[in-house]
Amino acid sequence: MNSQSPAVRKNAEALRGASRLAVQATRGVMGLVEEVHCTIASGPSVLGRPLERPARAVTGWIYSTLQEATRHVGAGLDAVLARLSPWLGDSAPGLQREAVLSALNGVLGDALEAQGNPLAIPMAFRVHGHPLCLEPEALRDALPEAGSRLLVLVHGSSMNDLQWSRRGHDHGAALARDLGYTPVYLHYNSGLHISQNGRALSALLEQLVACWPVPLESLTLMGHSMGGLVARSACLAAEAEGQAWRPLLRGLVCLGSPHHGSPLERGGSWVDVLLEISPYSAPFARLGRIRGAGVTDLRFGNVLDEHWEGRERFGWGGDARRGVTLPEGVACYAIAATTAKALAERLPGDGLVPVDSALGRHALPELTLRFPEANQRIIPGANHLDLLDHPEVYATLRTWLAS
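The end of the sequence shown is residue 483 by the working numbering, with every number in the run present.
Just so you know, not all the hints are guaranteed correct.
[Stated by the list, open to error] Simulated restraints on C-beta separations: (1) E425 x A218: 33 to 43 Å; (2) P428 x A320: 29 to 39 Å; (3) P202 x R391: 22 to 32 Å; (4) V180 x L344: 20 to 30 Å.
What the hints contain is simulated information worked out from the structure, not anything from laboratory work.
C-beta atoms are modelled at their ideal positions from N, C-alpha and C, and glycine is treated no differently.
Let the hints inform the model, and build the full structure from the sequences given.
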């Protein structure tokens, strides 16, 4: 029974991961209900703390018994699915499965990773959705037309590498066709901290460059949304470690990247705080906290460990960042989108990221990322996802990266 194909094993592991997640979610909801029950039973004032918890002795025992039963059910499901895996059939993952899995990782990826859940996405370079084996011979077989100009594309939060293709266009494939780049796509768990993904990307780039089939002339990183921050973080990690790929870096392109955060995530922070003001609503703040570490990094655009370590992810804390510059000796580019049809002095963002944040502008000079004026572009009448296939975006990329 050990002869099942990799696709079968992957499908079985996904089912086991989903069952484990469902059991954990059930136990989490039980805990939430118990907390509300005990809060109501103790009768505190709306904005005060509970005075006592008379119901805890009896209901606590009931809920703990249910929690234990659920845990055993979860273990049983895991064992059954392990036994059934050889019979689950060979099915391709498909675009829908990939989209759901990447969204799940964006929301819960840090928890999935910590729990060893099979649904956690391992970081890998992929082409057409297939992971690359970072060994010279295997890479030569997988990329027979590999050239000397390497382009690495890094997707955004809750997305995946296959979503670089939108409405028949893929920036990587188009740049390969028109300018001779060899595109490789990063697939990663966007629920982890950006700095964690940045370090992992830097280490993976070191392996990729070491076994590239032909001598490399240049490396360009392109990130959409969070991907731009992960790419910046990788540059910082490489500089700190003195890694060999960093001198090969010639270009860094950020498409709608929230260099100084997104007001949507900052809004989520305020909702968390407001819910916890009252003991009646406080248990529900846990629902607002179902956001991966990577998402909460987007509150201000954290790219280093020191930006988040020792700080409460869901607290009142302000921006802890200090000046982090763009990589030196690298042509850095930024494209922002605005839903406004015409350019004006004050522009709305792309629905997720403000124009100033995408262009690295900040009220504090020490936090401003100094993209050269000629290396900035604002695309009117476009939203955040339009940056992936807008004709003006690609025309700009082609002009910039032709040099």
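Verification of the hints:
Range check, E425 to A218: Cβ separation about 53 Å, and the 33 to 43 Å hint is violated. At roughly 37 Å, the beta-carbon separation of P428 and A320 lies within the given 29 to 39 Å, and the hint holds. Restraint check, P202 to R391: a C-beta distance of roughly 27 Å satisfies the suggested window 22 to 32 Å. Look at V180 against L344: about 21 Å separates their beta carbons, and that is inside 20 to 30 Å.
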